[in-house]
Amino acid sequence: MTTHTVSRRDFVVVLTAAGGGLLLGCRVGDRSGTATAAAAAPPPAFAPNAFIRIGTDGRVTLVMNQVEMGQGTYTSMPMLIAEELEVGLDQVQLEHAPPDDKLYANPFFGDQETGGSSSVRGFYEPLRRAGATARTMLVAAAAQTWDVDVASCRAKRGVVTHTPSGRTLSYGALAEKAAKLPVPDKVALKDPKDFTLIGTPAKRLDKAEKVNGKAQYGIDVRLPGMKIATVAASPVLGGKVAGLDEAKAMAIPGVRQIVNLGDVVAVVADHMWAAKQGLAALAIRWDDGPNGNVSTADVVQGLDAASQQPGVVARTQGHIAEAVAGAARKIDAVYQVPFLAHATMEPMNCTVHVRQDGCEVWTGSQTLSRAQATAARVTGLPLEKVVVHNHFLGGGFGRRLEFDWVTQAVRIGQKVEGPVKVVWTREEDMQHEFYRPYYYDRMAAGLDASGKPVAWSHRIVGPAILARYLPPAFKNGLDSDAVDAAVFLTYDIPAIQVEFVRHEEPVLNTTFWRGVGPTHNIFVMESFMDELAAAAKADPVEYRRALLSKVPRARAVLDLAAKAAGWGRPLPAGHGRGVALLYSWWGSYLAEVAEVEVSKAGEVRVHRIVCAVDCGTVINPDIVTAQIEGGVNFGISGALWGEVTLKNGRVEQSNFHNYRVLRMNEAPTVEVHLVPSLEAPGGIGEPGTSITAPALANAIFAATGKRLRRLPVKDQLRSA
Amino acid sequence: MATLNINGRDVTVDVPTDMPILWVLRDVVGLTGTKFGCGMALCGACTVQLDGQPIRSCVTPVAAAAGKKITTIEAIGETPAGKKVQQAWLDLEVVQCGYCQSGQIMSASALLAKNAHPSDADIDGAMSGNICRCGTYPRIRAAIKQAAKGA
Chain A
1 MTTHTVSRRD
11 FVVVLTAAGG
21 GLLLGCRVGD
31 RSGTATAAAA
41 APPPAFAPNA
51 FIRIGTDGRV
61 TLVMNQVEMG
71 QGTYTSMPML
81 IAEELEVGLD
91 QVQLEHAPPD
101 DKLYANPFFG
111 DQETGGSSSV
121 RGFYEPLRRA
131 GATARTMLVA
141 AAAQTWDVDV
151 ASCRAKRGVV
161 THTPSGRTLS
171 YGALAEKAAK
181 LPVPDKVALK
191 DPKDFTLIGT
201 PAKRLDKAEK
211 VNGKAQYGID
221 VRLPGMKIAT
231 VAASPVLGGK
241 VAGLDEAKAM
251 AIPGVRQIVN
261 LGDVVAVVAD
271 HMWAAKQGLA
281 ALAIRWDDGP
291 NGNVSTADVV
301 QGLDAASQQP
311 GVVARTQGHI
321 AEAVAGAARK
331 IDAVYQVPFL
341 AHATMEPMNC
351 TVHVRQDGCE
361 VWTGSQTLSR
371 AQATAARVTG
381 LPLEKVVVHN
391 HFLGGGFGRR
401 LEFDWVTQAV
411 RIGQKVEGPV
421 KVVWTREEDM
431 QHEFYRPYYY
441 DRMAAGLDAS
451 GKPVAWSHRI
461 VGPAILARYL
471 PPAFKNGLDS
481 DAVDAAVFLT
491 YDIPAIQVEF
501 VRHEEPVLNT
511 TFWRGVGPTH
521 NIFVMESFMD
531 ELAAAAKADP
541 VEYRRALLSK
551 VPRARAVLDL
561 AAKAAGWGRP
571 LPAGHGRGVA
581 LLYSWWGSYL
591 AEVAEVEVSK
601 AGEVRVHRIV
611 CAVDCGTVIN
621 PDIVTAQIEG
631 GVNFGISGAL
641 WGEVTLKNGR
651 VEQSNFHNYR
661 VLRMNEAPTV
671 EVHLVPSLEA
681 PGGIGEPGTS
691 ITAPALANAI
701 FAATGKRLRR
711 LPVKDQLRSA
Chain B
1 MATLNINGRD
11 VTVDVPTDMP
21 ILWVLRDVVG
31 LTGTKFGCGM
41 ALCGACTVQL
51 DGQPIRSCVT
61 PVAAAAGKKI
71 TTIEAIGETP
81 AGKKVQQAWL
91 DLEVVQCGYC
101 QSGQIMSASA
111 LLAKNAHPSD
121 ADIDGAMSGN
131 ICRCGTYPRI
141 RAAIKQAAKG
151 A
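Chains as they are written, first to last, in the numbering used here: chain A, 1 to 720; chain B, 1 to 151.
Here chain B stands alone, though its shape is the one from the complex:
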């Protein structure tokens, strides 16, 4: 048994302690906005925030979340940075297939929460772990800058 704080709610789950957070969210709790892409922290599709830090939930065991707050795409819009990022994503028509975008938004929101005016290099640093096969990178970069403007 483990008690996790997910999106401000305590949830008790009966899972092994080494089970990655990704599968707890998707297969046990039923929050499917967080996506499976690679299982090796290579693509970023599974990015969630742990106490505001972006983490790859496909390789992070539930044990690592003890006493910490997990935020997922379903609730990131309730944070100031997340709200701005989502709005910028909508304003600039970023999405294509959309599958990677939960992870992109989680990484971008974490970046803006700690760095209100990221440079291109900051954006590269924060976003290079998130692959988009549709190639929406130019719009992601522009949307992060737009969200920063609204800061």
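Bound conformation, chain A alone:
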């Protein structure tokens, strides 16, 4: 993909054709995978909506409102459009959408967001409708040209054929005529049985440029006259610069400028090497402020205290107090999950060019309109004077739903003449994240004389991310993300209570992490369910299965995973199998069986993961499989080793040597089994992560008899 500036003439034409939509941006490769400037393309003749443009040359451009961070949206979204538009995936080229909440808002969140495993769910119908609308108009244009009934015309691979006579017209030839037709209000969508593309393992459209080094991420931006900066923000949240040695930094060859903004210092240079050396030479002294003495233990203490009080009731069913009081046996447990870094492979970076009358931003963002808004706020420019160029994201996982690094880059850019690319070092990235919050959960259950659960109480204690991020979604003191999955407990238990205690610990910024609420809650719920099975001396699969008679989809994935994994078959000593089940707001049902080996020294080796998935209608089975494989591996990193800790207000982890993540030699076999389904599509980017920690913890219990109620596993199994 090559960035370019649209000429004034192109701009006007595009603006008009798009019906007021601002269609800037750049192409994401072309059919052969070679990057070409979009400026070479003629203005589109036909643009019935913000997602499709067809030129008189037949070129079909699809505008990608949901961003590509590995999860395959730049293949699944085009599949939705192409299915109804009747073009081949080999006939389309893709373009990153510009920021525009009016045109591109995610229907679940109301703004332009890619997160929460919502792209296919949210756009399954709108994008098919966009394709069908364009196809309907092109077919109508052909029928009009030939003066025949539209019903006698068929579209396929970008060509309309008049079936009785065999006459054909290409979409390119029809584009100008179609553009003059009224946009129909209602169009018929295909019956799923007629799908020819949806449901097939179509090849990823972004892969060619990702194997030859041509894919452009935000960090790859190069502009004439561009400087490169690296930064140090206060290592303690809320700290300020107390002093620095500017002269020493300026003496490094290639260093051009020091920008001291009080809470952050940037060294602006000719290249990153000079900038890094300059930053080290500054020897910044910090005034830590009020958080300078905080440690992880303080955070846990705060959460524990908060957990003693009842919370806002998120779900209630039956009479919990009576059910617990009348139970033959009561079981209580406290579960904890740590702060986590996303550690995207591409560190945070943003290129900006701030001028008197405008601002341009180049970055990779999961939330483009927020990136644009923050640049407008910082500069005081009107929104329309801020142009944001999106890129491929070198990992998102929720980190790029924030825009703190964009805000910072624009503040720096205001002090720099010409364009500047601000690149965080890995250390800066790991220590200035928006982390997955620390959660602290109190569980209680009552079993009847036969060991069956009659009461289930789940108290979740943690921050309300949505109260900050999406205030309309934070209602009556309830954060729907924090309690996700917990409120959808699928087991048939007469009395259920789920509560949320909001407790903020403003010593670290926190946000969504792959798997969001369910990543925390499913670990707690499925580990605790395993505890109940153990207390009842029941087989973990059978115990769950007996509680799922009313939820056939859940029972079916459980059966499938157990069967495929060979549940019950003997294992060598030191090995164990664990099972977990997942259902949440995403609408997908998953069951997973993990097989682990725990060495005498307490090291965990994950040998095999079997995952059964019912995510409703599947757009691309190979991408679903890949997302489960990847999600599982992401989950293993977090469960076994992932932990961000605080000491003296500072994050103790700094790079991959002390923030351990899964590597090739540790990666298990992952087997994915998809359940054919015609139900509505469910989310799939995250559940593989969410279901993995409990499956591992339960497998560890099976192997060792040790119940882990706190993540990560790390050295908890080490023999003393």
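These aren't lab readings, by the way, just hints derived from the structure by calculation.
Accuracy of the hints is not assured; some may be wrong.
Over 12 Å on every C-beta distance to chain A, these chain B residues come out as not near it, computed from the model [said to hold, decoys possible]:
hint	residue
1	T3
2	T12
3	G44
4	D51
5	Q53
6	A64
7	A66
8	G67
9	K69
10	P80
11	G103
12	K114
13	A116
14	H117
15	A126
16	K149
Computed Cβ-Cβ distance ranges for the label pairs, DEER-style [unchecked claim]:
hint	chain 1	residue 1	chain 2	residue 2	range
17	B	A63	A	G110	52 to 62 Å
18	A	H607	B	D91	21 to 31 Å
19	A	E417	B	T3	51 to 61 Å
20	A	E417	B	P80	45 to 55 Å
21	A	Q309	B	D124	47 to 57 Å
22	B	A116	A	T145	54 to 64 Å
23	A	D715	B	D10	44 to 54 Å
Heads up, the beta-carbon is just placed ideally off N, CA and C, and yes, glycines get one too.
With chain A fixed as given, assemble chain B onto it according to the hints.
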């Protein structure tokens, strides 16, 4: 001034001799296919080949490349092993976010160039220095085996 041989071409650059090859490639020469990930040789995103050996360019100074040939992701497809590896990556749909894949492909190509039929242990040995946060490891392993089959 240093003259580097990059992808078969001599390039003269005015940089300090201790400057890591990574930043010379990315910020001076303009070859951005080689990625920055950690700066400490911990993640492998910056892997390039120096006379066919995989090296972490984020910690290797330009001085170490004197008289040697640097090959990057932009040209690895011109080598027999690199071509096979790239094709296998495409055939098995390996990539997700793609950011680490330049480094993965550079490590895998170096492995196959010297070991036409690597075992699982050989793959672990050659690839464990390359982190993929998207977790594409199962497909990377399968793709290396497929590329080896085509040897």
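Hints, one by one, checked against the model:
no., hint, in the structure
1, T3, "18 Å, holds"
2, T12, "16 Å, holds"
3, G44, "9 Å, violated"
4, D51, "20 Å, holds"
5, Q53, "19 Å, holds"
6, A64, "15 Å, holds"
7, A66, "18 Å, holds"
8, G67, "22 Å, holds"
9, K69, "17 Å, holds"
10, P80, "16 Å, holds"
11, G103, "9 Å, violated"
12, K114, "18 Å, holds"
13, A116, "19 Å, holds"
14, H117, "18 Å, holds"
15, A126, "9 Å, violated"
16, K149, "18 Å, holds"
17, B:A63 to A:G110: 52 to 62 Å, "55 Å, holds"
18, A:H607 to B:D91: 21 to 31 Å, "27 Å, holds"
19, A:E417 to B:T3: 51 to 61 Å, "32 Å, violated"
20, A:E417 to B:P80: 45 to 55 Å, "48 Å, holds"
21, A:Q309 to B:D124: 47 to 57 Å, "50 Å, holds"
22, B:A116 to A:T145: 54 to 64 Å, "59 Å, holds"
23, A:D715 to B:D10: 44 to 54 Å, "52 Å, holds"
Violated hints, listed in ascending order, are 3, 11, 15, 19; each of the other numbered hints is respected by the structure.
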